[in-house]
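Given the coordinates of chain A, work out where chain B should sit on it, guided by the hints.
Chain by chain, the residues run as shown.
Number of protein chains: 2
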Amino acid sequence: MTDHAPLSAKRVALLVEEDFEDRELPLLLELLRAEGLTVTVIGPVADAVYRGKRQEATITSDMAASKARVKDFDIVIVPGGYAPDRIRLRHAMVDLVRDAYEAGKPVASIDRGAQVLITINALRGRVVTCWPSIAIDVKNAGGQYVDRPVVEDGNVITARKWDDVSALTDVVVRVLGGTPAS
Amino acid sequence: MTDHAPLSAKRVALLVEEDFEDRELPLLLELLRAEGLTVTVIGPVADAVYRGKRQEATITSDMAASKARVKDFDIVIVPGGYAPDRIRLRHAMVDLVRDAYEAGKPVASIDRGAQVLITINALRGRVVTCWPSIAIDVKNAGGQYVDRPVVEDGNVITARKWDDVSALTDVVVRVLGGTPAS
Numbered sequence: 001m002t003d004h005a006p007l008s009a010k011r012v013a014l015l016v017e018e019d020f021e022d023r024e025l026p027l028l029l030e031l032l033r034a035e036g037l038t039v040t041v042i043g044p045v046a047d048a049v050y051r052g053k054r055q056e057a058t059i060t061s062d063m064a065a066s067k068a069r070v071k072d073f074d075i076v077i078v079p080g081g082y083a084p085d086r087i088r089l090r091h092a093m094v095d096l097v098r099d100a101y102e103a104g105k106p107v108a109s110i111d112r113g114a115q116v117l118i119t120i121n122a123l124r125g126r127v128v129t130c131w132p133s134i135a136i137d138v139k140n141a142g143g144q145y146v147d148r149p150v151v152e153d154g155n156v157i158t159a160r161k162w163d164d165v166s167a168l169t170d171v172v173v174r175v176l177g178g179t180p181a182s
Numbered sequence: 001m002t003d004h005a006p007l008s009a010k011r012v013a014l015l016v017e018e019d020f021e022d023r024e025l026p027l028l029l030e031l032l033r034a035e036g037l038t039v040t041v042i043g044p045v046a047d048a049v050y051r052g053k054r055q056e057a058t059i060t061s062d063m064a065a066s067k068a069r070v071k072d073f074d075i076v077i078v079p080g081g082y083a084p085d086r087i088r089l090r091h092a093m094v095d096l097v098r099d100a101y102e103a104g105k106p107v108a109s110i111d112r113g114a115q116v117l118i119t120i121n122a123l124r125g126r127v128v129t130c131w132p133s134i135a136i137d138v139k140n141a142g143g144q145y146v147d148r149p150v151v152e153d154g155n156v157i158t159a160r161k162w163d164d165v166s167a168l169t170d171v172v173v174r175v176l177g178g179t180p181a182s
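Going line by line, the protein sequences match chains A and B.
Going by our numbering, the first sequence opens with residue 1, and the numbers climb by one from there.
Going by our numbering, the second sequence opens with residue 1, and the numbers climb by one from there.
Just chain A, with the same shape it has in the complex:
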């Protein structure tokens, strides 16, 4: 017997906006679902198609951020590319990340997704990784920047870039109580 719920009972809020990194978000969604997790793609509105910044991939949202309640999710993940620059200005999306963080639930980012963690002031005193262009912003926000694939510090999980999607997935699965399939 185990005291864990099955991994399929774990609910992931995966944020989306225009100009996500084409090589990250579709793969992350695929790997999380392949692990059996229940993933809800949350955008500014429901049932909308968002394009990657390279125009090479699209993702359709399942739910509007204004309808999302943090109690319905076990983790919130912020994507990369230039999507986080837009997410920062979406109050409902920022609130969802902040509510999860303040509830002590894990929040994760990849690439420039750490910009949203700066916005909610979640990085002060934490070890953090991100795309190098925003490393100075992470440091100015009180984070300790490191150039590693994935870093876990308390309930804040950060990944560096598209190469690190698989490593991020493994950490998410482990944090949610499962054993990574890879």
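Any given hint might turn out to be false.
Put simply, identical chains are the same to the list, so a pair is met inside one copy or across any two.
For lysine to any residue, the following SDA-like pairs were computed, each having C-alpha atoms within a straight-line distance of at most 25 angstroms [stated by the list, open to error]:
no. : residue 1 : residue 2
1   : K139      : R90
2   : K139      : L7
3   : K53       : R90
4   : K67       : S133
5   : K105      : R54
6   : K53       : R23
7   : K67       : K139
8   : K161      : E18
9   : K105      : V156
10  : K139      : R51
11  : K161      : I136
12  : K105      : S66
Rather than coming from a laboratory, the hints here were simulated on the basis of the structure.
The following block gives chain B in isolation, referenced to the frame of chain A:
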């Protein structure tokens, strides 16, 4: 008689990278040249075509940043859109902005161009404007963010967004000793 050189003797270094804001950089280049200023478009390499993030405009570089010397310019201007995210990682471009700033020459940014001014640590204690998504980063870098079209604080000139290109041009012309035509 005047003790100013003619405005055509004033040399502007206008930076460019991929994913600039289509509604800003071409118009800024046009307005600066219409004022009679000598504008050099400086990119990672010379004679390369850079596209805006909306794929609606292109700009061709005149000079590679590695060949640019701050003594040859009277002002350096950092564009907006997502170009500054790339410029931050280009050492020769960052060095040009830093050298101008440290020489006491005016440096200007529009939109997210303030990211590069964060990178060179030019905003501490200064009043600054920018695109709102990076306002928190400006504050974390020690700047005092204000939502105004253009702000001049010492040798740092910042403009907010595409609507403010004309107002930025006027300030640049005035700082360089001319009278705006508009």
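Right, here's what the structure says about each hint:
In this assembly of identical chains, K139 and R90 lie within 25 angstroms of each other by CA distance both inside one copy and across copies; the values are 23 angstroms within and 19 angstroms between. When the C-alpha separation of K139 and L7 is checked against a cutoff of 25 angstroms, the pair qualifies neither within a copy, at 35 angstroms, nor between copies, at 41 angstroms. For the identical chains of this complex, K53 and R90 are neighbours both inside a copy (18 angstroms) and across copies (20 angstroms), given an alpha-carbon limit of 25 angstroms. Proximity of K67 and S133 under a CA criterion of 25 angstroms is satisfied inter-copy only: 23 angstroms between copies versus 32 angstroms inside one chain copy.
For the identical chains of this complex, K105 and R54 are neighbours neither inside a copy (32 angstroms) nor across copies (37 angstroms), given an alpha-carbon limit of 25 angstroms. Within a single copy, K53 and R23 get their C-alpha atoms as close as 10 angstroms, and across copies as close as 18 angstroms, so both meet the 25 angstroms cut-off. In this assembly of identical chains, the alpha carbons of K67 and K139 never lie at most 25 angstroms apart, being 33 angstroms within a copy and 31 angstroms across copies at closest. For the homomeric pair K161 and E18, the shortest alpha-carbon distances inside one copy (17 angstroms) and between copies (19 angstroms) are both at most 25 angstroms.
Taking CA atoms no more than 25 angstroms apart as the test, K105 paired with V156 passes inside one copy only; the shortest distance there is 9 angstroms, against 41 angstroms between copies. In this assembly of identical chains, K139 and R51 lie within 25 angstroms of each other by CA distance neither inside one copy nor across copies; the values are 30 angstroms within and 30 angstroms between. For a Cα distance limit of 25 angstroms, the shortest separation of K161 from I136 qualifies both inside one copy, at 16 angstroms, and across copies, at 23 angstroms. Taking the shortest alpha-carbon separations for K105 and S66, only the intra-copy value of 19 angstroms comes in at or below 25 angstroms, while the best inter-copy value is 47 angstroms.
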